[in-house]
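Residue numbers (this note's numbering), protein chains in the order written: chain A, 1 to 195; chain B, 1 to 912.
To be clear, the hints were calculated from the coordinates, so they are not data collected in a lab.
Positions of the beta carbon are idealized from the N, C-alpha and C atoms, including for glycine.
Check before you lean on any hint, since a few could be wrong.
Short derived list, chain A residues pointing at chain B, Cβ under 8 Å [unchecked claim]:
1. R19
2. L23
3. G25
4. K26
5. L29
6. A111
7. L114
8. A118
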Amino acid sequence: MAAADSPSTALRRRDLCSRGVRLAGKMRLDVISLLDTYVERQGLDASVSVAAVEGVPVAAVERWDEQTGTQRLLENLEAYRAFRVLLAQMLEEQREQLGEADTALGRALAAVLLQVSAFAYHLEELLRLESRGPPSEEEAELPPPPQLSLFEQKLRGLGVLRELAQWALRSTRDLRQLTKASPGSGSVPSPPDSP
Amino acid sequence: WNWVAHGFYVLLNICSLEVSGELVQSCGHIIPESPVLALGSNFTALCILNESCLDFGNIYANQIIWKVKNRVVPKEQYREINRTVSSVTFNVTSSLAPFLTCNILADGQIEQNIYGITITVGLPPEKPKNLTCIVHQVPELTYPMTCTWDPGRPTFLDTHFRLKYRWPQENFPDCIPEEVNNTCTIKDAQFFVNLEVWVEAVNALGKAESDPLVLDPVEIVKPLPPHNLSVSSGILPTVLKLSWENRISATVMELKFNIRYRIAGDTNWLQVPPEDTASTRTSFSVQGLRPYTEYVFSIRCMKEDGVGYWSDWSEEESGVTSEDKPSKGPSIWRIIDASCSPASWTVYLMWKALEPLEANGIILQYEVTVRAKSSLPSPPEKYSVNTTNLTLKLPNGTYEVTLVARNRAGASPPSVLLIPASNSKAPVKNVRTLPKDGKLWVGWTAPNSSVLKYVIEWCLVSNSSDCIIEWQNEPGNVQGTYLKGDIKPFKCYLITVYPLYADGQGSGQSVKAYLQQDRPSKGPTVQTKKVGKAEAVLTWNHLTVDEQNGFIRSYTIFYKTIDGNETAVTVDPSKTEYTLSSLTSDTLYTVRMMAYTDEGGRSGPDFTFTTQKFGKGEIEAIVVPVCLAFLLIVLLGVLFCFNKRDLIKKHIWPIVPDPSKSNIAQWSPQVPAKHNFSSKDQMYPEGSFTDVSVVEIEADDKKSFSEQDLKPFELLKKEKSTSEGHSSGIGGSSCMSSPRQSVSDSDEGETTQNTSSTVQYSTVVLNGYRDQTPVQVFSRSESTQPLLDSEERSEDHAGGGDSTTRRQQYFKQNSGQEETSADRPCFERTKPTNEGDLVGCAQLQISGQSSQLLGLELEKNTQEAALSDTLVTNTEGQTMRPETVDENPLSIDEMPKSYLPQTVRQGGYMPQ
Numbered sequence: 001m002a003a004a005d006s007p008s009t010a011l012r013r014r015d016l017c018s019r020g021v022r023l024a025g026k027m028r029l030d031v032i033s034l035l036d037t038y039v040e041r042q043g044l045d046a047s048v049s050v051a052a053v054e055g056v057p058v059a060a061v062e063r064w065d066e067q068t069g070t071q072r073l074l075e076n077l078e079a080y081r082a083f084r085v086l087l088a089q090m091l092e093e094q095r096e097q098l099g100e101a102d103t104a105l106g107r108a109l110a111a112v113l114l115q116v117s118a119f120a121y122h123l124e125e126l127l128r129l130e131s132r133g134p135p136s137e138e139e140a141e142l143p144p145p146p147q148l149s150l151f152e153q154k155l156r157g158l159g160v161l162r163e164l165a166q167w168a169l170r171s172t173r174d175l176r177q178l179t180k181a182s183p184g185s186g187s188v189p190s191p192p193d194s195p
Numbered sequence: 001w002n003w004v005a006h007g008f009y010v011l012l013n014i015c016s017l018e019v020s021g022e023l024v025q026s027c028g029h030i031i032p033e034s035p036v037l038a039l040g041s042n043f044t045a046l047c048i049l050n051e052s053c054l055d056f057g058n059i060y061a062n063q064i065i066w067k068v069k070n071r072v073v074p075k076e077q078y079r080e081i082n083r084t085v086s087s088v089t090f091n092v093t094s095s096l097a098p099f100l101t102c103n104i105l106a107d108g109q110i111e112q113n114i115y116g117i118t119i120t121v122g123l124p125p126e127k128p129k130n131l132t133c134i135v136h137q138v139p140e141l142t143y144p145m146t147c148t149w150d151p152g153r154p155t156f157l158d159t160h161f162r163l164k165y166r167w168p169q170e171n172f173p174d175c176i177p178e179e180v181n182n183t184c185t186i187k188d189a190q191f192f193v194n195l196e197v198w199v200e201a202v203n204a205l206g207k208a209e210s211d212p213l214v215l216d217p218v219e220i221v222k223p224l225p226p227h228n229l230s231v232s233s234g235i236l237p238t239v240l241k242l243s244w245e246n247r248i249s250a251t252v253m254e255l256k257f258n259i260r261y262r263i264a265g266d267t268n269w270l271q272v273p274p275e276d277t278a279s280t281r282t283s284f285s286v287q288g289l290r291p292y293t294e295y296v297f298s299i300r301c302m303k304e305d306g307v308g309y310w311s312d313w314s315e316e317e318s319g320v321t322s323e324d325k326p327s328k329g330p331s332i333w334r335i336i337d338a339s340c341s342p343a344s345w346t347v348y349l350m351w352k353a354l355e356p357l358e359a360n361g362i363i364l365q366y367e368v369t370v371r372a373k374s375s376l377p378s379p380p381e382k383y384s385v386n387t388t389n390l391t392l393k394l395p396n397g398t399y400e401v402t403l404v405a406r407n408r409a410g411a412s413p414p415s416v417l418l419i420p421a422s423n424s425k426a427p428v429k430n431v432r433t434l435p436k437d438g439k440l441w442v443g444w445t446a447p448n449s450s451v452l453k454y455v456i457e458w459c460l461v462s463n464s465s466d467c468i469i470e471w472q473n474e475p476g477n478v479q480g481t482y483l484k485g486d487i488k489p490f491k492c493y494l495i496t497v498y499p500l501y502a503d504g505q506g507s508g509q510s511v512k513a514y515l516q517q518d519r520p521s522k523g524p525t526v527q528t529k530k531v532g533k534a535e536a537v538l539t540w541n542h543l544t545v546d547e548q549n550g551f552i553r554s555y556t557i558f559y560k561t562i563d564g565n566e567t568a569v570t571v572d573p574s575k576t577e578y579t580l581s582s583l584t585s586d587t588l589y590t591v592r593m594m595a596y597t598d599e600g601g602r603s604g605p606d607f608t609f610t611t612q613k614f615g616k617g618e619i620e621a622i623v624v625p626v627c628l629a630f631l632l633i634v635l636l637g638v639l640f641c642f643n644k645r646d647l648i649k650k651h652i653w654p655i656v657p658d659p660s661k662s663n664i665a666q667w668s669p670q671v672p673a674k675h676n677f678s679s680k681d682q683m684y685p686e687g688s689f690t691d692v693s694v695v696e697i698e699a700d701d702k703k704s705f706s707e708q709d710l711k712p713f714e715l716l717k718k719e720k721s722t723s724e725g726h727s728s729g730i731g732g733s734s735c736m737s738s739p740r741q742s743v744s745d746s747d748e749g750e751t752t753q754n755t756s757s758t759v760q761y762s763t764v765v766l767n768g769y770r771d772q773t774p775v776q777v778f779s780r781s782e783s784t785q786p787l788l789d790s791e792e793r794s795e796d797h798a799g800g801g802d803s804t805t806r807r808q809q810y811f812k813q814n815s816g817q818e819e820t821s822a823d824r825p826c827f828e829r830t831k832p833t834n835e836g837d838l839v840g841c842a843q844l845q846i847s848g849q850s851s852q853l854l855g856l857e858l859e860k861n862t863q864e865a866a867l868s869d870t871l872v873t874n875t876e877g878q879t880m881r882p883e884t885v886d887e888n889p890l891s892i893d894e895m896p897k898s899y900l901p902q903t904v905r906q907g908g909y910m911p912q
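Let the sequences and hints guide you as you build the complete structure.
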């Protein structure tokens, strides 16, 4: 992380963080809304519990408040790149299952996918401002999706969306933490933020 | 020639077909094929002839003729490249697609078409400008982004526009406009990432791109307005609380708001200060409102930082503030009627209902307190009423009236009206009115004293309705106001201004006014009161107030003769009478009258009259002298006649022989020998009538009629009284005689003829006149001489036996009854009238005493006697009264009852 930011860099970071927080907030709202739609359209029970899905990053983390800014950004970027792939797979599966009939679900999935992409871009930009630069895409590349049954696909999709909602919440806090932290205090743990 | 060329062209094509076998092959072609050219550019085309055609038709490049839209391109623009290729170069100036043909002039100067191409002309696309985008929030809570741009000039070519956008790290599919070229909508824009947007225009002549627009779509959002707006009143009567729901999450976008409101029914909006609503919220309390007033609210929102667009206004929602105490007391006034009793008044208190602004709620009741301001303290009287008036009967004096309006929230401040015993204070001066802006302004000059307030009373003056008083209060510091009411144009208003002082009241000063005047609705109806020879007095009634439509400024009287010019006279409006003078006598005049207001006049109906031919006294001045002259002439004539009476009598009125002196013996042809008369000449030396019937009258005085016998005469008199007017003089005797008894041929109708009509005498015998032989002839005579009465009398004698005697009796009685009132004027009238009248009178007298049968005979006799008397009178020229007849009634002897003429014996009835 850069020792001293120029004013424009600081302004840029603050702007990216601010907009990232709003984007994460909106993404969470949209994902929660999408979850309702997804459960309804896929014929699932909203209360069904989904075990951890392979390849889906987990938002929960221990010693969150001890993470550095760069670490937060990297974990977020890794997660959202993974979600981008997962959501793309879901969109493809949804199109294969329902065709063009359920355009509302498809549009909502596409919109969330776009927001995930946008947030990943925010993270990449922030990492660039950290003078580190984002890791290459290959690093986040997921293994090809396993051959799952249709129901398993639905459950997997449900798990992806639930975890994405969790990540949206965590990202909001991460970015706020980054905003609060001074540019040079990336390694200094910030005070815990209320969830 | 064209047909020939066409035929040759067909032949050439056939030849080409033969040469090429199965395929149609032309003799040349043009390069380039179907070019698209930019306007203004230079264009070169080549026409290349096929080698095969060269030998077949002797066609070479130097024979090529270029044509554009069938017009030959000048040779200067041609260039022969070789023997088979010719080029042409020209500037593309027309926007219309030209058709370029390559033709050849073959042998015989026949022009043949070799090939043709269509040139498409247009322009390359311009760089799209003014690219702007807006994100509309839609009810589905998505955010479509619509971008618009200026596509530039028309290109005349098929130009494709594409809206391109991308994130820095990601490209998106282009947005392609549908059916338009200047707008496109991206279905769902994603916020918080800068989006680069630009427009690309492409056609056959090129491509152009607009300047890129980099923006975060969240900064160009036009959000949906807040919804579910509700309004609720609070404890305070001036506050309403608004609540609503935002349709965009605060997580996504912080909002600020505009709140506008208006009083229901009003069109002007008020706005809550924007700084009060500059942050995200879902409720707001609007303060400073009027109590008990319905307000309508609306709200809109936009991004809190002001970047983006305001939403539309939300749907309106209304609410009513709670009640508050009335802010002021009602305006109060009174009408005092002192006509009922000299010692007390009837006071009509009236007040105006408070305006909603002042009432601040629903007025439940009014409380009136009347306190007498006298030396003796008396408890005030209180009244609670629901109406806006109160009638009180109060003794004369000074009173203080206090009025309070009360609603649910409380009572208003009191309104106080002082009713003084007399309006002794100074009045206002110079009350005047002025119509202004469709309203009636009233102004006055304030009195010197300090005025508490003014009361302006007014009412509409009309014939058809009473003057219903309206009024209004004005503060004491003004000297003019507009009347607050429905003031109608063309109506007369009586306006009175009262000054009210703290300790009394001034008398009212009145003025009449119109908001707007018009011509009178009708004109006055004029008529003549008196018409003279050269003047006429015209009179009319004033128009009623309803007909005036304004102040009558003047009357104008128009009058004219039938063929004369109309003359106009202007008359003061206060007058109702006018005298037209210098008129022409005995002339028909037409007169009408117009009444004028400030706006014009209207004419009343025409009235015609004719002036008199003579003036007053002129007729008398003419008639009196004429009458006097006539009388004088008559008098002179009478005197002349009197002086010359003998001469006149001789020529005009010869002496008629007296039949009583005639000798019947001589006259009767049956007993001529017995006649012992002297010769006719001797008896009537100058008379022309020699034939005389002699009537012998027997005077039988031996018997007299008793009173009972006379009663029938009385009845007869009554019955005959109606025929008095018809009784004829001499003829009357025939009238009264029975046809059976009469010898004459006269019928009943003839006998009723008037005196002036011809009387037919019977048995008039015409003897020879003078020396002529008398021949007894019965004929009719037109004579009215009374001598024939004797003849009739002889008939009577022949018919009735003792009639003569009875008649004698009658005459005696008649003389005794002469004093009856009915008789006297009859005989008195007899003197100047003719014989008929005389007979009539006598007949009337007699008939009243005759009986039915006997009366007839007696009547005849009596008439005859009377006629004889008259005859004697006339003959002798002296008046003989009936008394003279009766002087010797008993001297008449009894006569034979034969009709035949007999010798008059001594003692017979002899007319004297």
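Here is what the structure says about each hint:
{"no.": "1", "hint": "R19", "in the structure": "holds, 4 Å"}
{"no.": "2", "hint": "L23", "in the structure": "holds, 4 Å"}
{"no.": "3", "hint": "G25", "in the structure": "holds, 4 Å"}
{"no.": "4", "hint": "K26", "in the structure": "holds, 5 Å"}
{"no.": "5", "hint": "L29", "in the structure": "holds, 6 Å"}
{"no.": "6", "hint": "A111", "in the structure": "holds, 6 Å"}
{"no.": "7", "hint": "L114", "in the structure": "holds, 5 Å"}
{"no.": "8", "hint": "A118", "in the structure": "holds, 4 Å"}
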